[in-house]
Amino acid sequence: MFTKDHVQRILEQAEKCRKGIENREIVGDELKGRVMGSMFYENSTRTKCSFDAAMKRFGGGVVDFIAEASSIKKGESFEDTISMMDGYSDVIVLRHPEVGAAERAAAIANKPVINAGDGTGQHPTQALLDLFTIRSELSTINGVTIALVGDLKNGRTVHSLAKILCLYKNITLHFVSPLNAGLEMPKSIIEYIKIHAPNFSMKTFTSFAEGIRGVDVIYMTRIQKERFTNSEEYEKVKGSFILTPKILNESREDDEDYDILGRNNNKLPIVMHPLPRVDEIAPEVDADERAAYFRQAQNGVYIRMALLKMVLGNL
Amino acid sequence: MFTKDHVQRILEQAEKCRKGIENREIVGDELKGRVMGSMFYENSTRTKCSFDAAMKRFGGGVVDFIAEASSIKKGESFEDTISMMDGYSDVIVLRHPEVGAAERAAAIANKPVINAGDGTGQHPTQALLDLFTIRSELSTINGVTIALVGDLKNGRTVHSLAKILCLYKNITLHFVSPLNAGLEMPKSIIEYIKIHAPNFSMKTFTSFAEGIRGVDVIYMTRIQKERFTNSEEYEKVKGSFILTPKILNESREDDEDYDILGRNNNKLPIVMHPLPRVDEIAPEVDADERAAYFRQAQNGVYIRMALLKMVLGNL
Amino acid sequence: MFTKDHVQRILEQAEKCRKGIENREIVGDELKGRVMGSMFYENSTRTKCSFDAAMKRFGGGVVDFIAEASSIKKGESFEDTISMMDGYSDVIVLRHPEVGAAERAAAIANKPVINAGDGTGQHPTQALLDLFTIRSELSTINGVTIALVGDLKNGRTVHSLAKILCLYKNITLHFVSPLNAGLEMPKSIIEYIKIHAPNFSMKTFTSFAEGIRGVDVIYMTRIQKERFTNSEEYEKVKGSFILTPKILNESREDDEDYDILGRNNNKLPIVMHPLPRVDEIAPEVDADERAAYFRQAQNGVYIRMALLKMVLGNL
Chain W
1 MFTKDHVQRI LEQAEKCRKG IENREIVGDE LKGRVMGSMF YENSTRTKCS FDAAMKRFGG
61 GVVDFIAEAS SIKKGESFED TISMMDGYSD VIVLRHPEVG AAERAAAIAN KPVINAGDGT
121 GQHPTQALLD LFTIRSELST INGVTIALVG DLKNGRTVHS LAKILCLYKN ITLHFVSPLN
181 AGLEMPKSII EYIKIHAPNF SMKTFTSFAE GIRGVDVIYM TRIQKERFTN SEEYEKVKGS
241 FILTPKILNE SREDDEDYDI LGRNNNKLPI VMHPLPRVDE IAPEVDADER AAYFRQAQNG
301 VYIRMALLKM VLGNL
Chain F
1 MFTKDHVQRI LEQAEKCRKG IENREIVGDE LKGRVMGSMF YENSTRTKCS FDAAMKRFGG
61 GVVDFIAEAS SIKKGESFED TISMMDGYSD VIVLRHPEVG AAERAAAIAN KPVINAGDGT
121 GQHPTQALLD LFTIRSELST INGVTIALVG DLKNGRTVHS LAKILCLYKN ITLHFVSPLN
181 AGLEMPKSII EYIKIHAPNF SMKTFTSFAE GIRGVDVIYM TRIQKERFTN SEEYEKVKGS
241 FILTPKILNE SREDDEDYDI LGRNNNKLPI VMHPLPRVDE IAPEVDADER AAYFRQAQNG
301 VYIRMALLKM VLGNL
Chain E
1 MFTKDHVQRI LEQAEKCRKG IENREIVGDE LKGRVMGSMF YENSTRTKCS FDAAMKRFGG
61 GVVDFIAEAS SIKKGESFED TISMMDGYSD VIVLRHPEVG AAERAAAIAN KPVINAGDGT
121 GQHPTQALLD LFTIRSELST INGVTIALVG DLKNGRTVHS LAKILCLYKN ITLHFVSPLN
181 AGLEMPKSII EYIKIHAPNF SMKTFTSFAE GIRGVDVIYM TRIQKERFTN SEEYEKVKGS
241 FILTPKILNE SREDDEDYDI LGRNNNKLPI VMHPLPRVDE IAPEVDADER AAYFRQAQNG
301 VYIRMALLKM VLGNL
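Chains as they are written, first to last, in full-length UniProt numbering: chain W, 1 to 315; chain F, 1 to 315; chain E, 1 to 315.
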């Protein structure tokens, strides 16, 4: 897990990367001649493409290890494959379906290994880009109220986000998942928050409308059909957790004029989603300026640029 | 559709790119740090590879969206995928099997979208490289005689070429396709030419030898077996539309010494083909200096360089 | 086949590349804007990735021809595909399952073609990196004793290595393969050595321990189960050809204090392997400083950098 200091430095570096791209101060010479070994043992389009874009914006090269085409079939061990790519690259980006894979790789490699998600384990770059998005959109992280919505049991991103938020202060978390669907936030995460962020407030909701009332951030996740044994139950639940412009508008609290940030609370909360979305956010919401999910995806490039720069910049 | 002015600027830019590569004036700094999002929803080796080469000759980076590996399976909409890549890239190159896909993408994206072919719709970069090839090989486009040969019904490239030629003057088109094979140039294209280029001359042929007699350009296309219900019919037709050195030599008109361009007509016409070829041009033709099809493929790089430069150069 | 002069120049260039990377003198501008066409008609992760890394360390671009996605299905000939890529690239790197493919390509292409392995034919870049590894690890190639171990019949790398070694002097080769397994070094290779390097000493062993006693290099290869008709036979053979720390330690000759290089012979021989390995070298050997196989893989980048630089550098 990251320290607060480390996280702050990454967020600041990511902010510099964003401005550097926007102002054309990043010219594509920064990491020229450097090689990122990209090892995706499972598909993850967004993570893969944003790491690629990050490296290439700095003028660096990417060498793709294609797992299906590889010597794995010939019986090569994970460790040997890592050692090979370690010899070819300046940094390894690893996505793997097994928990702990990134740690195993880091133990073997001489070059830095960036964990791009390992099974139900960590997905630290996603947590960082979520954090960066909240800070970018709301100018602060301390003191915000965040509704985590949907499948809170299986959604890795909401777990990682909840944990990294513990580095900040006075956050209110709304855990919003449908009644009797078994999709509640796991006790282990709640315990983690209680220990690491005792000043947090946590509330649980089964009503979508109530769960998002008055919040600063609505963090939507997908409710996967395959989690339900009863498809009738799924259809009922599904429909009630779709964010539409109407529901979004009604989330404003009419009885307060200003929110905790001193902003006029007539503003809607920002809407986040790790993507891909299916139908949990109506496309009509996209046009709203506070629909932040595509900016959130783009922020993934800045976070990954920040990490690559920090890891490779001073070599 | 392009205006004449726009097309001329692209052709001139492409000519500069060709010279820039040949003289080493293009050094690979021109688009460094810039990212092309490459989105091929269907395979097209030549189009994909030449766009990649174009971007890389300018020192730019390419981020590949791999459709089969993507979140499409999870139910993500085309529009959401475009929005994601739009956030990662400076320009999107899109190939898609559905007509209108490029327009749908352009309506969503903040960055420029280059249409690399959408179904039976447009394939504008192919039309441009065909045009560029004619101009490069013959020094002019106005006034030339072009035989379009083979499957004129289903061949998208001949439709696009015929339409873009309408921006020029006094062109003679020979539509050459086998008798009773139902592969004639569609009426809609012929009508388009009549309206947009009333000074064009159009002639229809069922004899290959007659159709290519005295022309400046023989544009060959493949006759696909699967278009025929009767395979005997196919075999008969197929054999009669194969370009051999003998047929090519006989295409010269002995009774005229100089063609419309004032060139000695003892020169053979140039031979074009969108590739891949199967057997419609005998390999023996390759050695002839007027076999232009591999230069035509290479011209695809210059046209795509021109487009990328025009779209990204002044950002 | 290479001349001695040519090989020496490549090895020296590769040494420069290694130092250039280590000292950051290679900055990623050397081949900027240049394009390597990467054509792998069969998978070869190590060769593919190390060529990619080599080109990208110089700041060059790679255009991938993906055989499965290509027009081959439409019936395009190998020659036509080469001509296409030739038009897009400054150099072609070709891996192909058929013997002679690289020569066929080179006959067609205007740009240089680097053979990255063609079937049971040549795999010259592997032979070069093996040679480079021996020179790097032992400071010399002349006069060394090398045990080639395992499947000497089907292992292409040991054939190529044995042949290229013939450019050097006074080498002793131990051919070590299991008894009655039909995996002996082919007579054609032995004849080749007798003709081209009459001053070589060659010995044949069926005992692993005896075959590696006192050598400078143990070059391990994999014994593939599918080569055996009798799986019991395989299991027996397999177990006896596994390099463990114990066997490695016992390979030292106690009765000699100094080896031919004047080094204290208490040093173990270096261990090489073309990789991927399965179980023919115990993972416990990895920690030994003379386990050279991962450095050997990394040397593949330097050799390929040397070749790309020599072929493209003075264009």
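Warning: the hint list may mix true and false statements.
[Said to hold, decoys possible] With a cut-off of at most 30 angstroms between alpha-carbon atoms, the simulated BS3-like pairs for lysine-lysine come out as follows:
#1 W/187 with F/238
#2 E/74 with F/238
#3 W/163 with W/187
#4 F/238 with E/153
#5 F/73 with W/246
No wet-lab data here; the hints were simulated from the structure.
Hints and how they fare:
1. W/187 with F/238: Not OK: residue 187 of chain W and residue 238 of chain F at ~71 angstroms, beyond 30 angstroms, violated.
2. E/74 with F/238: Distance of about 16 angstroms is within 30 angstroms: holds.
3. W/163 with W/187: This hinted pair holds, its Cα atoms lying about 13 angstroms apart.
4. F/238 with E/153: At roughly 48 angstroms apart (the allowed maximum being 30 angstroms), residue 153 of chain E and residue 238 of chain F break the hint.
5. F/73 with W/246: Within the cut-off at roughly 29 angstroms; holds.
Consistency with the previously given hints fails for numbers 1, 4, ordered from lowest to highest.
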